[in-house]
Each structure stands twice: as structure tokens, then as C-alpha cells.
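S.K.: With chain Z fixed as given, assemble chain V with the ligands onto it according to the hints.
As they're listed, the protein sequences go chains Z and V. In terms of the numbering used here, the first sequence is residues 1 to 287. In terms of the numbering used here, the second sequence is residues 1 to 264.
If you're looking for bench data, these hints aren't it; they were derived computationally from the structure. Warning: the hint list may mix true and false statements.
[Claimed, not checked] A few chain V positions that, by computed beta-carbon distances, are all more than 10 Å from chain Z: (1) Val83; (2) Gly150; (3) Asp206.
[Said to hold, decoys possible] Reference listing, derived: stretches of chain Z covered by chain V, where coverage requires no fewer than 3 residues with Cβ under 8 Å from a Cβ of chain V: (4) 174-186; (5) 190-202.
Remember, it's a predicted structure, so these values are computed and weren't measured experimentally. Don't be surprised by glycine CBs; every beta carbon is placed ideally from N, CA and C.
Now for the letters of each chain:
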Amino acid sequence: MSAATAVRRTAVAPHQDPAPAHPKDVRPTGRRLGPGRRRRLAWLLGPSALLLLWTVASATGLLDPRILSEPWTVVATAGELIADGRLQENLAISAQRAGLGLFFGIVVGAVLALLSGLSRAGEALIDGPVQIKRAIPGLALIPLLILWFGIDETMKVLTITLGVFVPIYLQTHAALRGIDLRYVELAQTVGLSRAGFIRRVVLPGALPGFFLGLRFAVTGAWVSLVVVEQINSTSGIGYMMELARTYGQTNIIVLGLAVYGILGLLSDGIVRFIERKALSWQRTLAG
Amino acid sequence: MAAHFGGLTAVGSSPGTTPRTLREAPTVSAVSVRGLIRGFGPKGVLNGVDLDIAPGEFVALLGPSGCGKSTLLRALAGLDHDVKGSGVISVPDRVSVVFQDSRLLPWDSVLGNVTLGLRDHDADAKARKALAEVGLAGREKAWPHELSGGEQQRVALARSLVREPQLLLADEPFGALDALTRIKMHGLLRDLVAAHRPAVLLVTHDVDEAIALADRIVVLDSGRVATVRKVAPEIGTAVDAAGHEALRRNLLTALGVDVAASSH
Ligand SMILES: Nc1ncnc2c1ncn2[C@@H]1O[C@H](COP(=O)(O)OP(=O)(O)OP(=O)(O)O)[C@@H](O)[C@H]1O
Ligand SMILES: [Mg+2]
Chain Z
1 MSAATAVRRT AVAPHQDPAP AHPKDVRPTG RRLGPGRRRR LAWLLGPSAL
51 LLLWTVASAT GLLDPRILSE PWTVVATAGE LIADGRLQEN LAISAQRAGL
101 GLFFGIVVGA VLALLSGLSR AGEALIDGPV QIKRAIPGLA LIPLLILWFG
151 IDETMKVLTI TLGVFVPIYL QTHAALRGID LRYVELAQTV GLSRAGFIRR
201 VVLPGALPGF FLGLRFAVTG AWVSLVVVEQ INSTSGIGYM MELARTYGQT
251 NIIVLGLAVY GILGLLSDGI VRFIERKALS WQRTLAG
Chain V
1 MAAHFGGLTA VGSSPGTTPR TLREAPTVSA VSVRGLIRGF GPKGVLNGVD
51 LDIAPGEFVA LLGPSGCGKS TLLRALAGLD HDVKGSGVIS VPDRVSVVFQ
101 DSRLLPWDSV LGNVTLGLRD HDADAKARKA LAEVGLAGRE KAWPHELSGG
151 EQQRVALARS LVREPQLLLA DEPFGALDAL TRIKMHGLLR DLVAAHRPAV
201 LLVTHDVDEA IALADRIVVL DSGRVATVRK VAPEIGTAVD AAGHEALRRN
251 LLTALGVDVA ASSH
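Same shape as in the complex, but just chain Z (with noise of 0.2 Å):
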């Protein structure tokens, strides 16, 4: 602001006082018992303290190389497997198994659960059998998945993808049958179909539903992962640290580690970024 605005300003209007820089913002303070706004990056904050205290106690000499190899080690680790390109190898394909796992994993699981839950033929014919496989573990079933299927690719996505598709209907079809009727029968007073039913009531009302479901299922899709490439495989993150396992190879193994750890930390907050963008509409704690 010029000094000419400033003199003109007080010559036209003397007892008005210019806005202050910085107006007045008196309120009471009322206890607030949600978490507060949310800040950005702020998940990074768990890890990066994780990380410090491996690196303070590394430095320190608290924590012998031959327990745990240093962070600095496994970052040159990391830095030769990639110069020689086999971290990137592994992981590509540990990552196209984890994707093909999720996908058929959470194709089945919704469309189980929407039978499941809009019928009473398929909630009869369909939860029975999914609550047995929930009482199996998935490790329980690769004996067998390997007597049918043999060690090859299809066992290992098939493996993931029953690992996947239980988290997703279990929490899809929990949230279906939650639905509150009253929003069913306003469906009905305004005459919608079928079709228009299950598109403007049911997939939203069961939406958060199935986005926990996910986050339960992308994590399980990465447990499943290492299972089925330390047993049998010759590819792979898993297979990489198995066979670092036979030469002794601390620093390889704990990369392995870091990278599943990453990959599931990265993966979940893919999925919440969607969820929060997809339910922009909820009022809730997490704000």
C-alpha cells in the first residue's frame, strides 16, 4: 500500500480504522474429543520412527549386524541388486502375482457378496461355504492347490486370490445387510428398479464396507505372496530371500523384509487415498 492511499484513506473517513493484518479471533475453546484435523504426510511419522531407532541402534552398536544388518548396508544392498537388476526382476514379478491375486480376489468376493446379500437362494447357498474357507488357514491349502495345479503360476495367483476374496465379502456383505431399510423403502415409494436399486442404494450404502474389506485384502494379498514364494518358487521377492537364507545372507533377507514392508505400507495408503476421495460424502472421525 503507497503512503498516498494510506493519507487519502484517513482523510476521507478519520474515525475508520484501517483492517488490521491480522483480525481478531476470540472464540471458547470447547473440548474436543475427535482426533482433530488431519494433517498431511502425517503417516509417514509411525515408519520414519521405526526407522530411526533401527539406525540409532545399528550406529550404536546395540544391535549386532549378524541379528539385524544395518539400514545403510541394506540400502547398498539394495543399490547392487538394482545395478545388476535383479531386485527389479523379483519384484516385478512378485507384484504382477500380488495384482492378479487382488483383482480376481476382489472380483469374486464382490460378486459373491452381492448374491449373497440380495438373495436369500444365494446367501444360502454361499456363505455356508465361505465361512469354511474362512476357518481354514490359507497355508493349510497349498498341499492340496499343488497336487491340482502344480508349482506354476496359477497356483500361487489362486492361492493369493483365496486369501483376498474372504476380507472382501465378509466386510461387503456386512455392510449390505446393514443398509438401513429406511433408505430401501424410500427406494421403493420412488419407484426405482431393480438395476437403479443395487446402482444408487446398495453399491454406496456397501461401499465403505468393501474399501475395509480392501485394506484387510491387500495386506493378505502380500502375506499370501511370501508364503507361496519362500515355499516353492524360483522367483520372486520370497524365492530372492530364500535363497539368501541358504548363503547366509542377513542383508538380502532384511531387504526383502523392508521391501514387503514398503509395498504393504504404499499399497494401503493407495487404497485409503481412494476411499477417502470415493466416501467424500461420510462425516466421520477419521474427517
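M.R.: Frame of chain Z, contents of chain V with the ligands only:
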């Protein structure tokens, strides 16, 4: 019946003609209920209700809490599949319902809520017009939780009117609103009904609301229509009109309220 309502729609859409003429044909009615019996468990709630509503007529349904007003309305709306009972109900093709809660889908925008179930190709344009009618132009993209209670109820009104109903069923639509907002909503509903001319069945527990809005007031008692009162047009709009207080006392007595104690 369909042919008849073709005539009603034509009247409603051309403001020059007077819709009153339709009322003079007593043989046709928008709603006809005969011997309606509904009950939950062994005890009956409705024990033979007979009710007719003429096209374009505004009927208010009064009755003590728990006497079966909502049960009757839900029967007319076809929402009581699982309730035991008998009787004959005849309603027009296009029926809209306004509930006590606005019942907006929280995951749909205001506009999406109004177009819900509309199959016309110009559904969006119609919905915008309806929203403007209830004074909510410009709020189409808002989420329901961003609106006040009164605004949400106005969206619900827009949603029910956008499909040009021949019968509007409303179950205490203003029950959750404050007194001031309720009075404003009365004016709005009166205007909207005058413009669209559906037959209306309004369930309420508020005698003054019934007098202010209805052409005819029906009191339900012991599962039957106990009292029927016509409301002269001049009484409905003016509280100080002759006969207003008499009608009010009369209805309160029919509802079992000690008038001497409650008058003020
Ligand atoms: N789903 C149900 N299951 C069992 N009983 C019910 C059910 N719905 C209503 N009733 C009973 O039927 C009777 C009439 O209920 P209704 O909701 O029609 O009353 P109402 O006249 O609308 O009352 P209010 O003015 O309080 O809304 C009540 O005694 C109630 O307890
Ligand atoms: Mg009721």
C-alpha cells in the same frame, strides 16, 4: 381411473382453468379405502378404516400417538408387505411419500437425491426446477449433511413433487422442525400443493397445522375414523376467523384432550 387423472394433470398444468370443478364429481376419488384392517400380533391397530380422498383434496389425519396413523399411511404407500390384515385400497399410479425424517441418501448429492428413480430424459432439468421451487436453487451439488434440517426437508419435498404425484402422503413431515421453520414450511407446502394439485394425506399430531393446511380433517380413534370435519377456506388461513377456535376445541375434544385445561 387413469383417464380421470389425465384430466387432473391437464388442469394442473394449465393455470388458467379452475381445478375446483373436479371436486364436484363425488363419485371419483383419488384414494378409496374400505374396511382396512391391520394389526401387529394379536391386537389390531386398524379395525376397519373407510376413507375417501378426492383428487386435489387436502386431508389431514389426526389421532393420539400409537393409534395407527403411520400404519394407515404405510398401507396406502404399499410399504406394509409383512403386516397382517385385510381390506380394499385403491390409490392412483403416481404416489409420493414424504417421511418425518428427510430420508436423503447421504452418498448422493442434493440433485441426485431429487432425481432418484426419475426416468425422464430431462430429469436433471426437472429436479433443478423443483429445487428452485422450494428455494434451494444453487445447492444442487451439496451433500445432504451440508444442509440444515429444514433445508433437508425441503429437498425431500422437491423429491416428492418432481414426479408430479397424484397423491402425496406425508407422515409428520415437519415434526422434527422448530416452530418458526414449520410455519414457513406450511406456507411452502400450501403454495406447492396449489401449484401441483395432488391429493394430500398429511399425518400430523398438531391440530393447528391440520386446520391451517387441510380441506378436511379426519380423526382416527380405536382403529377407526372417529371424526370428520370440513375446514372452511377462510378458517384455514386466518386464526382469528369466526369458527376457528370452535373447530380447534372440537378437534381437541375428539382427540381426548381436556380443552379447558389446554386452552390459552
Ligand atoms: N413394526 C411394528 N411392529 C410391531 N408393532 C408395531 C409396528 N409398527 C407399529 N406398531 C404398533 O402399532 C401401533 C400403531 O403404530 P403407528 O406407528 O401407526 O402409530 P401412530 O399413530 O403413527 O403414532 P405416532 O403419532 O406416535 O407416530 C402402535 O401401538 C405400535 O406400537
Ligand atoms: Mg407415526
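S.K.: All hints are to be evaluated individually against the structure, with a verdict given for each.
M.R.: Now the hints, each set against the structure:
1. Separation of V/Val83 from chain Z is adequate, the least Cβ-Cβ distance of about 13 Å exceeding the 10 Å criterion.
2. Look at V/Gly150: its CB is around 19 Å from the nearest CB on chain Z, clear of 10 Å, so calling it non-interface holds up.
3. No beta-carbon of chain Z comes within 10 Å of the beta-carbon of V/Asp206; the shortest separation is about 23 Å.
4. Counting residues of the region 174-186 of chain Z whose beta carbon lies closer than 8 Å to any beta carbon of chain V gives 4, which meets the minimum of three for the stated coverage.
5. For the region 190-202 of chain Z, the proposed coverage by chain V is satisfied: 6 residues have a C-beta within less than 8 Å of a C-beta in that chain, meeting the threshold of three.
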